[in-house]
Amino acid sequence: MHRIVSKKQLSEEVFRITVEAPYIAEARKPGQFVIVQRNSDYAERIPLTIADADPIRGTITLIFQTVGKSTHKLAELEVGQYIQNILGPLGRPTHIERFGRVVCVGGGIGAAPMYPIAQAMKQAGNHLIVILGARTKELLIMEEEMRAIADELIVVTDDGSYGRKALVTEPLKELCQASPRPDCVVAIGPPIMMKFCAETTRPFGIKTIVSLNTIMIDGTGMCGGCRVTVGEETKFVCVDGPEFDGHLVDFNNMMLRLSAYKEIEQKAHEECHLEMKLKEMNSAKGKGNP
Amino acid sequence: MIDTTKKLTPKERLAIPPQEMPAQDPIARRRNMEEVALGYSEEQARLEALRCLQCKNAPCIPSCPVRIDIPGFIAQIAEGNYKEALTILRESNLFPAICGRVCPQEVQCQSTCTVGRSLKDIDKAVSIGRLERFAADWERLHGELEVPPVKPSTGKRVAIIGSGPAGLAAAADLAKEGHQVTIFEAFHKPGGVMIYGIPEFRLPKAIVQREIEILERMGVKIITNFLVGRTRSLRDLLEKDGFDAIFIGSGAGLPKFMGIPGENLVGVFSANEYLTRANLMKAYEKGKADTPIYPAKRVAVLGGGNVAMDAARMAVRLGAEEVFVIYRRTEKEMPARVEEVAHAKEEGVIFRFLENAKRILGDEKSRVIGIECLSYQLGEPDASGRRRPVEIPGSEHVIEVDSVIVAIGNESHPLLLQTNPEIAVDKHGHIITDETGKTSMDRVYAGGDIVLGSATVILAMGQGRRAAASIHNFLMGNS
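Protein chains in written order, with the working numbering: chain A, 1 to 290; chain B, 1 to 479.
Bear in mind the hints are in silico, worked out from the structure with no lab data behind them. For glycine and all other residues, C-beta sits at the position ideal for the given N, C-alpha and C. Misleading hints may appear alongside valid ones.
[Stated by the list, open to error] Each computed SDA-like pair below joins lysine to any residue, with the alpha-carbon atoms no more than 25 Å apart:
{"hint": "1", "chain 1": "A", "residue 1": "Lys207", "chain 2": "A", "residue 2": "Pro93"}
{"hint": "2", "chain 1": "B", "residue 1": "Lys297", "chain 2": "A", "residue 2": "Glu265"}
{"hint": "3", "chain 1": "B", "residue 1": "Lys282", "chain 2": "A", "residue 2": "Val67"}
{"hint": "4", "chain 1": "A", "residue 1": "Lys262", "chain 2": "B", "residue 2": "Lys365"}
{"hint": "5", "chain 1": "A", "residue 1": "Lys267", "chain 2": "B", "residue 2": "Lys286"}
{"hint": "6", "chain 1": "A", "residue 1": "Lys235", "chain 2": "B", "residue 2": "Lys288"}
{"hint": "7", "chain 1": "B", "residue 1": "Lys11", "chain 2": "B", "residue 2": "Pro71"}
{"hint": "8", "chain 1": "A", "residue 1": "Lys235", "chain 2": "B", "residue 2": "Leu145"}
{"hint": "9", "chain 1": "B", "residue 1": "Lys365", "chain 2": "A", "residue 2": "Ile264"}
{"hint": "10", "chain 1": "B", "residue 1": "Lys189", "chain 2": "A", "residue 2": "Asp250"}
{"hint": "11", "chain 1": "B", "residue 1": "Lys282", "chain 2": "A", "residue 2": "Ala75"}
{"hint": "12", "chain 1": "B", "residue 1": "Lys365", "chain 2": "A", "residue 2": "Met276"}
{"hint": "13", "chain 1": "A", "residue 1": "Lys262", "chain 2": "B", "residue 2": "Lys288"}
{"hint": "14", "chain 1": "B", "residue 1": "Lys286", "chain 2": "A", "residue 2": "Pro93"}
{"hint": "15", "chain 1": "B", "residue 1": "Lys365", "chain 2": "A", "residue 2": "His247"}
{"hint": "16", "chain 1": "A", "residue 1": "Lys235", "chain 2": "B", "residue 2": "Leu361"}
{"hint": "17", "chain 1": "B", "residue 1": "Lys365", "chain 2": "A", "residue 2": "Glu265"}
{"hint": "18", "chain 1": "B", "residue 1": "Lys297", "chain 2": "A", "residue 2": "Ile264"}
{"hint": "19", "chain 1": "A", "residue 1": "Lys29", "chain 2": "B", "residue 2": "Gly229"}
{"hint": "20", "chain 1": "B", "residue 1": "Lys286", "chain 2": "A", "residue 2": "Lys29"}
{"hint": "21", "chain 1": "B", "residue 1": "Lys286", "chain 2": "A", "residue 2": "Ala260"}
{"hint": "22", "chain 1": "B", "residue 1": "Lys365", "chain 2": "B", "residue 2": "Pro295"}
{"hint": "23", "chain 1": "B", "residue 1": "Lys288", "chain 2": "A", "residue 2": "Gln266"}
[Claimed, not checked] Sample of chain A residues facing chain B (criterion: CB under 8 Å; computed from the structure):
{"hint": "24", "residue": "Tyr42"}
{"hint": "25", "residue": "Ile56"}
{"hint": "26", "residue": "Tyr82"}
{"hint": "27", "residue": "Ala148"}
{"hint": "28", "residue": "Ala150"}
{"hint": "29", "residue": "Leu153"}
{"hint": "30", "residue": "Gly221"}
Construct the complete structure from the given sequences, taking the supplied hints into account.
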């Protein structure tokens, strides 16, 4: 059982929770993730990346977006309540080394798992450039945290509501064209963003690492649901990854595999919203008639 | 009616007809998850028990991986002393309700039964497994749960990695000797393959939970959501957490795929994934479970083992209209238990023997629409003694399906070995142990599928028990 010690809503859809998980807090390294399951009875097991950890307090921080039923239900939990199951840390840690100039691209919720990686890259002595991107200002997260560690921070929004009006690939391309060139790029965000980041750096031959978040059940290598094609080979994201060479990942196949349960998930998501609305209406009614 | 009060002659015993196992109606069970085999009635059990010749040399015992006193427990059932029968079973096997259901008796104890040999038909051997199940179920239905006595504490602590058959069997023996046992399980529920893999209709989860409850009452501690190698290392368990010895029973691990084109299409699953969604995550309880299962009307299952049968029969229950088992040899060579194959056939599973998948076909959205197969014929025997299947050139043909489940076994799990290079493994990645289950790392033992590759519940239990015995000797300074 893992008690929620703090919770903050970062935007309409994005939540940050800190939960007790002493072993994970001690063992986790940048790039690793956990599997979270609200309860053992009927809840889904979902992979979430670790945004931060405090080994002394024995807590880990998770940042997630409410994209479906399971994440909505997770967001409903309040401080003092418990998450029954958290397994981790899972996956191979990020390979951190002194590359020289490192660009970290965090798109949307991808900024959360990017934070510990950026931190470690900085600590390893790299010149750290961070590109943060979001659809709109509302959805931008981790700006302050990143500003504190980055040598350069570039903020972009799709709609221009904050920072520069651009996709993350635009400043990324400019950095690739500039001198000195980046020695390593790390991109985490929606699959389509990672795909285009990899396409942006490919002509320049700059090493590009992406972190994949695929469908998983166990997260320990047992089910194979997370498998992706990487350079003609089948790899398991949970044990071989989650990070891979972005130039070798078959993103199209990965995106299609991610949509395997789309219809079922959409239906569950809609029902979930309906339920939340009903609850809201009931509580409003309750307030009106004491 | 047979007079059970007087001693029967072998001839009279051989004349008793083998008792059929009552089962749920095949049409009804296609749509439910309840157990298929219903178990003997008391009368049937006693009749079946009387068929045992009580051979002096008992050829069945050495054919049992845990060497149960088979004539001994059967004699007690014949007398109506079910509790005594169970006591004899439990001396060698703490999990008779499980083994009575899932052991491949026809290639173990029943394969050497004198009754089967005398009647020149192995199917007419005494149904040892069904009797084992009867005795265990009788206690479950009529008696109090009996917790085996535990010796005074030795003060020694043993960590067990994995709560599947090997780990549970090792835990039981070590706890009995008075050692303090902690089991670490990566999943959120203990039981390993008996919980995530073997379906409810073949092994009800309540039975597994009950067996685990016995262990907990014996003082065994179970910690779930703990992946040794990631959450904490083997070395930490020994050096920081004060465990005196470790048993690794982490199981098989990564599912194998065929390596054919189309295997990463949407709608292709490992049997592990398919069964875990259905069993552990309860995806069959639609409307309750949050974990979805891929909706499929025509399913191809690749493979011929018990896992393939489980996946095929699960697909039937989840609403598939046609389910094909594609196996490249013939029925005779299939490794699955005879009873599972028979049950699958009764439930309408279609067997396509001497065929094998060449590639999986998808539509423009990368969703499975068919499987292209080749036909085979049997050639000369290979190293395993089975006749080698040889492909017939130009025999390509397509079976229309919307889902493919790959059930061709597992590769060994790389995690513990990645994080503990001092443990020696063979070229398949299986842990190398000596005859006592000891690995190359000091104080670390192993058993089950991580040593054997894909095996059975009972073989894993046998390995767990063997390692438990040597851990006990080591802890007591006897070795």
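request  = Check each numbered hint from earlier against the structure, then list the numbers of those it violates in ascending order.
outcome  = Violated hints: 6, 8, 10, 12, 14, 20, 25, 26, 27, 28 and 29; rest satisfied.
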